[in-house]
Structure formats: structure tokens, C-alpha cells
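**Q** Listed below are the residues making up each chain.
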Amino acid sequence: MAHPEADEVYEQQHVHDVYQQIAGHFSATRYKPWPVVERFLKELNPGAVGLDVGCGNGKYLTVNRNVFIIASDRSENLVRFAVQHQPHGTVVADIFSLPHRDAFFDFAISIAVVHHLSTPARRIDAIAEILRTLKPGSETHVGGRVLIYVWALEQKTSRRGWDKGDKQDIMVPWVRKGAPSQDGPEQSQTFHRYYHLYQAGELEHDISSAGGRVLESGYDKDNWWAIATPKTADV
Amino acid sequence: MKVITANFVTCAVKECKTSPTSFPLHFHDAELEQQELNFQPEFIRNIIPRIDWEGLRVTANELGFPSLPESKPEGEALNNEQTLQDLHRLLMETQVMEGKLICGNCGHEYMIKEGIANFLLPSHLGKRNIINQQEVMLANAPSSLS
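Chains as they are written, first to last, in full-length UniProt numbering: chain A, 1 to 235; chain F, 1 to 146.
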């Protein structure tokens, strides 16, 4: 998968097309905000303006109504769920070509998104694209901050049971149970999504390669997370 | 798409980001709808400092709201209930349901359908910025070999 266009086709098939198809079921099962994300959003100043890149059904758009979020996702079907959350705005966009100005935003979140990109270079580029939109810091104040969440390789106690040493690039099934029909009790359909499972330290490494400075990072329920800001020239 | 959202988006093409003519994007054939939303004066007051006023004036004019004050309300003006109400109506309640957003730099048209703007680029415009040297080499390999 060395060729960038081949990577795009791969992600189109194994990420974007799947989310378009499972949008309804996916959205119905995604409503509980993760505590670290909730805290990050609640601590923002009223009137702050930021991005939710790969917003899915927009479950984080309900957390803080005193800030304005421009949420985006590649899946138009998911955006149709997200758009209902006031007072925010939602558009269809690609993480590699965000329709936002440079060095403007106060914050960004990208939750469970970057791990769907299929090469290290693409994951780093995606993070760099988000960092590009954030206000740079100065000697006296920290710049715009982004919170990134990715799925962890180390999740021995989860129902998936992966751990250090296991394969990091995998296909994960999504089973959508259908309604009972005349032909049988229930038709279920299985979709596979591509994931890159992050190992300890890898997210921090990618952020640094993308031109970010990690302010805080940790592990939370089978995920690695980090809060970062654009590196300033003198750091 | 809310009018406020238009104030925070620009052309998705990388090369346009540095051009002043890429912001704001220009509305064409816009079909508007007023969608009632709870008036939160505090929200409007807090968000105004982050609004690009010149950009908003261009957008408002294109959408047929030509009466925006020339300069951004500041200080005491932000306590004027009528000013805040008017801005709430324009920024939060005015929705562009159908139409196009056009970049003043490259001319690319972004479609708005059923209230949702689509910023996905055709593949020849969406070339990402390759920052990984190894991948640049891999991507260039076939042509340098031939």
C-alpha cells in the first residue's frame, strides 16, 4: 500500500463505505461521551470556536453548548445525524483537506478517527492537517489544543483481548442485526472496518512528527489519548 | 448550513488557504429557511469576538441581509438586546438549504443539499501534503525508474 491513491481506495472501501452503510445502527449505539473528552470540552471558555474532525453521529456536540463547534465527517449519512445538535454546525469534509483557515481555532477533537488511516504517513498527515487549523501559541500562552483518541493495541481485558505483540493492522467486524423477515427470524449482516491499533508511545510519536507538542496523554478504556498544540518555533 | 458556519469555513484546496480571496466562500443560488432556535444572548455576545466581520458582511449581503452595521459591535453595543437578537436571527436561525459555495480564488463549487455543505474534493484537487520523505520517495519511484 505504498501508493497514496491506492491507500485512498483502500480506505474508501474499508472505512468510508462501511460507515455509510452502518450509519444508522452505528449512531444508535454511540451516545455516551467518554469522560476524558467530556472534561476537555467542558473546560473550554464560553465563546471558544473549534472543530470536531470525524464527528460521526455527533455525540460530543451535546457536551458544551457555550462553545461553537464546526463538526465534519466523510460520511454524509453520519453527518445527517450530527447536524441536529445545536448550536453547532456540521459539514461533509475530508480530514486531509479540511475546509478551514490556518491558525484560527481555539480547540479541536478527533475521537476514534486517525486509527482508520492505513499508513503511518497518512496518520501523521491527518494530525498535521488538524494542527494547521489551530491557533499557534506564544511564549506567554499556549496555542489551540487538540484532543486525539485512538484505539489501543494493549486491551487484554476487553472483549477483543488484543495485547502487545499482536498484529496492529486489522479488520474489525461490525455485525448489524436485521429485523425478522418472512424467510427467517433475523437477518444479520457483517461489515469489516480497517483499524490500526496504536501501541504505547505511538500516538505521541505521530503527533510530534506532525509538528505537535504533546501537553498531556494517557490511556483510557482500551484507547490511547493525547492533548497537543502546534509546536512553536523556539520549542 | 447556518450562516455562522460559513464564517468558519474556507476552500478545502490547500493552495487556496493562503489566498485572501478564498475567504469568505461566496453563496450562489442560495435557498434560505428560517429555523427557530432558542435565543441565547450570552452565546451571541461570546461568539461575536470570533466572527470575521468583513466576511460576515459579504455573506449577509449575498444572502439579502444588507443591513449589518459597518463595524463589529463591541463593548456597550454587545448589551443591546436588539443587536443580539438580529445577529442570532442571521447567524443561528438562517439556514442555507440548497445552493453553492464558490471559492473566489480557484472557482471550485461546493454544493449544499438539504442543508448540508459538502467539501469533499475530486481526487485531483485533494492531493494531500506529503510530509513523509520515505513516502515521497516511494511515490516518485516509478517515474524515476522509467
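You may find that some hints are simply not true.
Cut-off 25 angstroms, straight-line C-alpha distance, at most; resulting in silico cross-link-like pairs (DSS-like, lysine-lysine) [what the hints assert, rightly or not]:
hint : chain 1 : residue 1 : chain 2 : residue 2
1    : F       : 14        : A       : 135
2    : A       : 167       : A       : 156
3    : A       : 231       : F       : 14
Facing chain A, a subset of chain F residues (Cβ under 8 angstroms, in silico) [said to hold, decoys possible]:
hint : residue
4    : 14
5    : 47
6    : 53
7    : 55
8    : 106
9    : 122
Just so you know, the hints here were simulated from the structure itself, not pulled from any lab data. Where a beta carbon is used, it is the ideal one built from N, C-alpha and C, also for glycine.
**Q** State for each hint whether it applies.
**A** Okay, the hints, checked on the actual structure:
1. Restraint check for residue 14 of chain F and residue 135 of chain A: satisfied, since their Cα atoms lie roughly 18 angstroms apart, inside the 25 angstroms limit.
2. A hinted pair counts as satisfied when its Cα atoms are at most 25 angstroms apart, and residue 167 of chain A with residue 156 of chain A qualifies at roughly 13 angstroms.
3. Restraint check: the Cα-Cα separation between residue 231 of chain A and residue 14 of chain F comes to about 20 angstroms, which is no more than 25 angstroms; the hinted pair holds.
4. For residue 14 of chain F, the shortest C-beta to C-beta distance to chain A is roughly 7 angstroms, which falls under 8 angstroms, so the interface hint holds.
5. With its C-beta approaching chain A no nearer than about 5 angstroms, residue 47 of chain F sits inside the 8 angstroms limit, and its interface hint holds.
6. A least Cβ separation of about 14 angstroms between residue 53 of chain F and chain A goes past the 8 angstroms threshold, and the interface hint is therefore violated.
7. The restraint placing residue 55 of chain F at the interface with chain A is violated, with a minimum CB-CB distance near 10 angstroms, outside the 8 angstroms limit.
8. With 8 angstroms as the threshold, the beta carbon of residue 106 of chain F stays out of range of chain A, its nearest partner Cβ sitting at about 12 angstroms, so the hint is violated.
9. A cut of 8 angstroms between beta carbons decides the hint on residue 122 of chain F: the least distance to chain A is about 11 angstroms, and the hint is violated.
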